[in-house]
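Protein chains: 2
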Amino acid sequence: MTRRAGSHRVRRTVGNIGQLPWQAVSNPYAPTAVLGAEQLETIHQASLQVLNRVGMRVLNDEARAIFAKAGASVDMNTLMVRLDPDMVMETIATAPSEFVLRARNPARDLDLGANRVAFVGVGGPAFVSDLDKGRRPGSYAEQCDYIRLIQSLNIIHQEGGGPFEAMDLPPETRHLDLHLAQIRLMDKNWQGVALGRERTLDGINMACIALGVDREELARRPAILCIINTNSPLQLDIPMAEGTMALARAGQVACITPFTLAGSMSPATLAGTLVQQNAEVLFGVVLTQLVRPGAPVMYGAFTSNVDMKSGAPALGTPEYTKAAMASGQLARRYRLPFRSSNTNASNAVDAQSAYESEMSLWGAISGHANLVNHAAGWLEGGLTASFEKLVVDAEMLQMMAEYMRPIEVNDDTLALKAIEDVGPGGHFFGAEHTLQRYETAFYSPLVSDWQNFERWKEAGQQDTATRANKIWKQLLAEYEQPPLDPAIDDQLQDYVDRRKNGEPVE
Amino acid sequence: MTRRAGSHRVRRTVGNIGQLPWQAVSNPYAPTAVLGAEQLETIHQASLQVLNRVGMRVLNDEARAIFAKAGASVDMNTLMVRLDPDMVMETIATAPSEFVLRARNPARDLDLGANRVAFVGVGGPAFVSDLDKGRRPGSYAEQCDYIRLIQSLNIIHQEGGGPFEAMDLPPETRHLDLHLAQIRLMDKNWQGVALGRERTLDGINMACIALGVDREELARRPAILCIINTNSPLQLDIPMAEGTMALARAGQVACITPFTLAGSMSPATLAGTLVQQNAEVLFGVVLTQLVRPGAPVMYGAFTSNVDMKSGAPALGTPEYTKAAMASGQLARRYRLPFRSSNTNASNAVDAQSAYESEMSLWGAISGHANLVNHAAGWLEGGLTASFEKLVVDAEMLQMMAEYMRPIEVNDDTLALKAIEDVGPGGHFFGAEHTLQRYETAFYSPLVSDWQNFERWKEAGQQDTATRANKIWKQLLAEYEQPPLDPAIDDQLQDYVDRRKNGEPVE
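Each protein sequence line maps, in turn, to chains L and F.
Residue 29 in our numbering sits at position 29 of the first sequence, and the numbers go up by one each step.
Residue 73 in our numbering sits at position 73 of the second sequence, and the numbers go up by one each step.
No lab work stands behind these hints, which were simulated from the structure alone.
Quick caveat: nothing in here was measured; it's all calculated off a predicted structure.
Mixed in with the good hints there might be a few duds.
All copies of an identical chain are treated as equivalent in the list; a pair is satisfied when it fits inside any one copy or across any two copies.
Cross-link-like lysine to aspartate or glutamate pairs, in silico, DMTMM-like; alpha carbons within 25 Å at most [as the list claims (entries may be wrong)]:
# : residue 1 : residue 2
1 : Lys417    : Glu198
2 : Lys457    : Asp132
3 : Lys500    : Asp168
4 : Lys473    : Asp177
5 : Lys417    : Asp84
6 : Lys470    : Glu402
7 : Lys309    : Asp449
With the hints as constraints, model all of the structure from the sequences given.
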C-alpha cells in the first residue's frame with residue numbers, strides 16, 4: 001500500500017457516512033522507551049536463561065522432534081524442551097523484519113514492519129452485542145453483517161479471524177463458512193484460524209483460491225496471518241504447535257502471542273511477566289525458523305494483569321500500557337514486526353470502555369506496534385464483539401491515524417501573511433488562507449458530536465453509543481459487496497462443500 | 001513535595017473509597033517530538049518575526065509604557081507594540097525554569113518544572129452538572145461541594161481558580177468568597193483570578209494571610225498562579241495586562257495562555273497557529289520579566305481547532321494532541337515550565353468525553369506538561385463542570401500517574417525462581433512471589449468495573465457515569481475539613497468583609 005497522499009483528508013463517503021479514505025498508516029514519531037537499554041538487556045538475558053534452564057513443555061510430538069533435531073535438549077518424561085541461548089539467537093536471525101500480506105484487492109495489500117501500523121477488527125469473542133438486542137451468542141448471519149462493516153470501515157486494514165463465533169454452525173466446519181464470508185464480503189486481508197493443522201490449511205487453501213495462486217506462489221507472497229497463543233506459562237499445546245508448523249511450512253505468518261496475565265499466567269511483576277512473555281515468543285519464533293528459515297513471523301504481546309482482589313482480568317490498565325511499550329522495545333531488539341492490541345474490560349460502550357481502549361491504543365502506537373489486533377469492536381475483556389464499539393473504535397483509530405500525520409511546516413502553512421492581514425482582534429474564519437483549506441483543514445469525526453448543549457438536547461441527548469448504533473445501521477444499509485470472479489466463487493464453494501463432506505485437507 | 005516512595009500504592013482510603021495517596025508525579029520517559037529540530041526553529045523564528053513586524057495590540061496604558069521604556073516600538077494610533085527579536089530572547093532569559101508553589105499544608109507544596117507533572121481541577125465554566133439535577137447555573141454551596149471533592153481526590157494537586165461560577169453571588173466580589181472556600185475547605189494550592197489588578201491582588205493578599213507571610217516573603221516563595229489569556233489574535237486586553245503586571249510585581253506566577261482555536265482565532269493550519277501562539281506567549285513572558293526580572297511564569301498552550309462546518313470548537317482532537325506536544329517542545333526551547341489541559345467537547349460523560357480527554361492527556365503527558373490545567377471535571381468544551389466527570393477524570397489521572405512509574409527490573413521482580421517453581425501449565429495466583437505483593441502489585445481502580453458481565457448485570461448494569469455519581473456522593477459524605485488556625489480564619493473573614501464594604505485593595 002502506498003503512503004497516503006496529501007489529499008488523504010478529502011472525505012470519501014460510504015453513502016452519507018463521512019469517514020477517512022482507506023490509507024496506509026505510518027508512525028513518524030520515535031517510540032516511547034519505558035525500559036532503559038540496560039533493563040531491556042537484562043530482560044532479554046533472563047528470558048534466554050528461562051529457555052535454557054526451564055524450557056517449554058511441548059505437547060506435540062512432531063514439534064519436539066524438530067527441536068531435538070536442531071540440537072535442543074528434550075526431556076521425554078516431562079516433555080520439556082530447553083534451548084541453548086546461542087541457538088535461539090542464531091535461529092531467529094533468519095526471520096524477516098518486514099513483509100507484505102496480500103489482499104484480494106491489491107490496493108489493500110498490507111505492508112507490515114518498520115514504522116507501519118495496521119488496524120485489525122476484533123477476533124474470537126464468544127458473544128455479540130448491540131444496543132437493540134443486548135448480548136447474545138452470535139449467528140452466522142450476524143457474523144456476516146459484522147464482516148460487512150469491517151469492509152465498510154476504511155480505517156480497519158485487516159479482518160481478525162472471525163469477529164465472534166457463529167454458534168448456529170457446527171464447530172468443526174465453522175471456519176470454512178467464516179472464510180467464505182471473509183472472501184466474498186470483503187476485499188481486505190483477513191486472518192485465518194490456527195487451531196490445529198487442518199483449520200490452518202483450510203485458510204491457506206482458500207486464500208490460494210481467492211488469489212488464483214498455488215501454495216508456492218502464496219509462500220513467496222503471503223496472505224495468511226494467524227494468532228498463535230502459547231499456553232502460558234511455558235507450554236505449547238498440540239493445536240497451536242500444529243498451526244505454527246503449518247503456517248511456517250506454507251510461508252505464512254505466525255503471530256506468536258503469549259497470553260500473559262500477570263499474577264495468574266505469569267509472575268505478579270511486569271519485569272517477570274516480560275521475561276516469561278519474551279521466552280515464550282522466542283520459543284515460538286525458533287520453531288517457525290526451524291521449520292522454514294525465513295518464514296514470516298511476528299512478535300505478539302498480550303501482557304496485562306489480573307485484579308488481585310477477584311482474579312478477574314484487568315485490561316487497558318497502566319500496567320498494560322507499559323507492557324505494550326516494553327514489548328515493542330523487545331520486538332525491535334530482535335528486528336521482528338510487533339503486534340499489540342486494543343483492549344478494555346468494560347461491560348458497556350461507556351467512558352471506561354473508551355479510556356481503557358485509549359490506554360491500550362497509546363501503548364500500541366507509542367510502542368510502535370505494526371499490527372494492532374482487536375483494534376475495533378472488542379468489549380467485555382474480549383468476551384463480546386460489540387456493533388457500537390466497532391464504530392467508536394473506528395473513530396479512535398481515525399484520530400490516531402490523523403495524530404500520526406506529521407505537522408507540515410512551510411511558508412504556506414506558517415501563514416505569516418494571514419496573521420498580518422487578519423491582525424489583532426480579527427477573525428480567521430473568513431480569511432482567504434482559511435477558505436483555501438476549508439474542506440480539508442482538520443479532522444472531521446465519525447461519531448463525535450460537537451454541537452452545543454442546547455442543540456444536542458433538542459436532538460435527543462444521544463450519547464456516543466446511541467449515535468454509534470445509528471451509524472453501523474446506516475453503514476450496513478449502504479454496504480456494497482466487492483465484486484468477485486464467479487469462477488473463483490464457485491471454486492471456493494466447491495472447496496467448502498468437499499471439506500464438509502469429509503474430504504481430507506492437503 | 002518529595003518523590004513518592006515504593007510504598008505509594010498502599011491504598012489510603014477516604015472512608016471506603018480506595019484511591020492512590022497524595023503523591024508528586026514525575027514523567028520518567030522522553031517527551032514525544034512531533035516537530036523536527038528544524039521545524040521547531042522555523043516556528044520559533046517565524047513567531048519572532050510576527051512580534052517584530054506585526055506586534056501585539058496592548059490596550060493597557062501602563063503595559064505599553066513598560067514596553068516603550070524597554071525600547072519596544074509603540075504605535076500610539078494602533079496601540080501596536082513591536083518587539084526586537086534580540087530583546088525578546090534577552091528579556092525572557094531571566095524567567096526561572098522551575099519553581100515551587102506553596103500550599104498551606106507544606107506536604108502539598110507543588111514543585112513545577114523539569115519532568116514534574118501537576119494535575120489541576122477544572123476552572124472557570126459557567127455551568128455545573130450532575131446526573132441527578134442536570135446542567136444548571138452553579139451556586140456557592142455547590143461550588144463549595146466541588147472544592148471539597150477536589151480536596152478529597154488525592155490525584156488532584158491544585159484547585160483551578162473556581163470550578164464554576166457561583167451565580168448566586170454578586171460578580172464583583174464572587175472571587176473573595178471563592179478564595180475563602182479554597183483556603184478553608186482545602187489545604188492544597190489553588191489558582192487565583194487575574195481578571196484585573198484588584199482581583200489579582202485579593203488572591204495574593206488572602207494567600208499571604210493563609211500562609212502567615214508578608215508580600216516580600218510570598219515573592220520569595222510564591223503561592224499564587226493565575227491563567228492569563230491573551231485575546232487571540234495578537235491582543236492583550238486591560239484586565240489581563242493588569243493581572244499579568246500585578247502577578248509579576250508580586251513575584252507570583254502568570255501562566256500565559258493564548259486561546260488559539262485554529263480557523264477562528266488563529267490560522268487554519270497547525271504551523272501558523274503555533275507561530276501565533278508562540279508569539280503571544282513570548283510577548284506575555286517579556287512583560288513579566290520587564291516588570292520583575294526573574295518572576296516565575298509559564299508557557300501556556302491551548303491550541304485546538306474549530307469544526308469548519310459549524311464553527312464549533314473541537315477539543316481533544318488529533319490536532320489538539322499534536323499541538324500540545326509541539327507546544328511542549330517550544331516551551332522547553334525557552335526553558336519555561338509548560339502548561340497544557342485535559343479537554344473534550346462532549347455534552348455527556350460518555351465514551352466521547354473519555355476518548356477526547358485521553359487524546360488531550362496523552363498530548364499533555366507525552367508533551368511533558370508540568371501543569372495539566374482543567375485536568376478533572378471539564379465537560380462540554382469547558383462550559384460545564386461535571387461532578388461525574390471529575391471522578392472519571394480522577395481515574396484517568398491516577399492511571400496516568402501509574403503509567404509514569406517506571407518498570408522495576410531487579411532480581412526480585414525478574415521472578416526467575418517463581419517462573420521455574422510454577423512451571424509449565426501452572427498458576428501464579430497462589431505462588432509465594434505473588435502472595436508477597438498481593439496488596440500492591442497492580443493499580444486498583446477508582447470507578448472502573450472489572451466484574452464479569454453476569455455480575456455487572458445483576459448489580460444493575462451501571463455505566464461509568466452512574467458509578468461516578470455514587471462515588472462523588474460518598475466522597476462528599478466522608479469529607480473532612482482540614483484544620484485551619486482560627487486566628488487566620490478570622491483575618492480572612494475580616495479581609496473579605498472589608499473588601500466587600502468597599503475598602504480599596506493594596
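Can you give the numbers of the hints that this structure goes against, from lowest to highest? 1
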